[in-house]
Amino acid sequence: GDSVTQMEGPVTLSEEAFLTINCTYTATGYPSLFWYVQYPGEGLQLLLKATKADDKGSNKGFEATYRKETTSFHLEKGSVQVSDSAVYFCALIKGNTPLVFGKGTRLSVIA
Amino acid sequence: DAGVTQSPTHLIKTRGQQVTLRCSPKSGHDTVSWYQQALGQGPQFIFQYYEEEERQRGNFPDRFSGHQFPNYSSELNVNALLLGDSALYLCASSLAAGVTNEKLFFGSGTQLSVL
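Going line by line, the protein sequences match chains A and B. Following the numbering used here, the numbering of the first sequence begins with 1 at its first residue and continues without gaps. Following the numbering used here, the numbering of the second sequence begins with 1001 at its first residue and continues without gaps.
Since the hints were made in silico from the structure, they are not lab data. Model, not experiment: these values are computed from the prediction. Among the hints, a few may not be true.
Computed cross-link-like contacts, BS3-like style, restricted to lysine-lysine with a CA-CA straight-line distance of at most 25 Å [said to hold, decoys possible]:
(1) A:K103 with B:K1103
(2) B:K1103 with A:K49
(3) B:K1026 with A:K56
(4) B:K1103 with A:K68
(5) A:K94 with B:K1026
(6) A:K68 with A:K103
(7) A:K77 with B:K1103
(8) B:K1026 with A:K60
Just a few of them, taken from the derived set where beta-carbon distance is under 8 Å, the chain A residues facing chain B [as the list claims (entries may be wrong)]:
(9) F62
(10) K103
(11) G104
Glycine included, C-beta positions come from ideal geometry on N, C-alpha and C.
Using the sequences and the hints given, assemble the complete structure.
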């Protein structure tokens, strides 16, 4: 079945450092890809998405590009802030199927 | 505009007991999905309700059941609780099942601990 694999955490960075969280997927056809963020004590929030190959999703300084040739959707941010500390989930969906999530990557940003 | 609200926020039960979790969708939404998020894992889809019927179901046993009410709110019931049912249970709402599952709004979840 369809699946998503994320890099293991936790990831600890200093403020203003560059962030990359790797995500690869396995799916037949052409899924849509997502990054969700879960701040402490809160539910999941959609961070960004891309629906076809070579699309770039972006929001709040975060970016991810849908790479079909490498089946990847890596999350990047040029300069992280303490407020970015959260758990990040990569996910995919095809048609009307339910979201399939990766295991999540915890990010801690220290001042 | 209230988002997705879930109750209770925390719950402690013992093995073999039954539990009911509740969810009110975001205003204007008519579809509710439930997810189980075990510690250190990503959310896993349990089922989805639309028009008071279960429309999709993930790989969960029949001990997990649900209901949707005419006002679109929903309940998740788990019978004969096992230690492995300990998890964060997330409710997500959306508009018009059968169209797309992309635009989901999640609640903060109910943390269930089974002792």
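Taking the hints in turn, this is what the structure says about them:
1. With a C-alpha separation of about 20 Å, the suggested pairing of K103 (chain A) with K1103 (chain B) holds against the 25 Å cut-off.
2. Between the alpha carbons of K1103 (chain B) and K49 (chain A) the distance comes to roughly 11 Å, so the proposed pair stays at or under 25 Å and holds.
3. Using a Cα cut-off of 25 Å, the hinted pair K1026 (chain B) and K56 (chain A) is violated, with the two alpha carbons roughly 28 Å apart.
4. For a cut-off of 25 Å, the pair hint linking K1103 (chain B) to K68 (chain A) stands: about 23 Å separates their Cα positions.
5. A distance of roughly 24 Å separates the Cα atoms of K94 (chain A) and K1026 (chain B); the hinted pair therefore holds under the 25 Å criterion.
6. At roughly 21 Å between alpha-carbon atoms, K68 (chain A) and K103 (chain A) fall within 25 Å of each other, so this suggested pair holds.
7. With a C-alpha separation of about 23 Å, the suggested pair K77 (chain A) and K1103 (chain B) falls inside the 25 Å cut-off, and the hint holds.
8. Our distance criterion of 25 Å between C-alpha atoms is met by K1026 (chain B) and K60 (chain A), whose separation comes to about 23 Å.
9. A cut of 8 Å between beta carbons decides the hint on F62 (chain A): the least distance to chain B is about 18 Å, and the hint is violated.
10. Given hint, K103 (chain A) at the interface with chain B, holds; its Cβ is 5 Å from that chain's nearest Cβ, closer than 8 Å.
11. A hinted interface residue such as G104 (chain A) counts as satisfied when its beta carbon comes closer than 8 Å to some beta carbon of chain B; here the least separation is about 5 Å, so the hint holds.
Hints 3, 9 from the list above are not met by this structure, while the remaining hints are.
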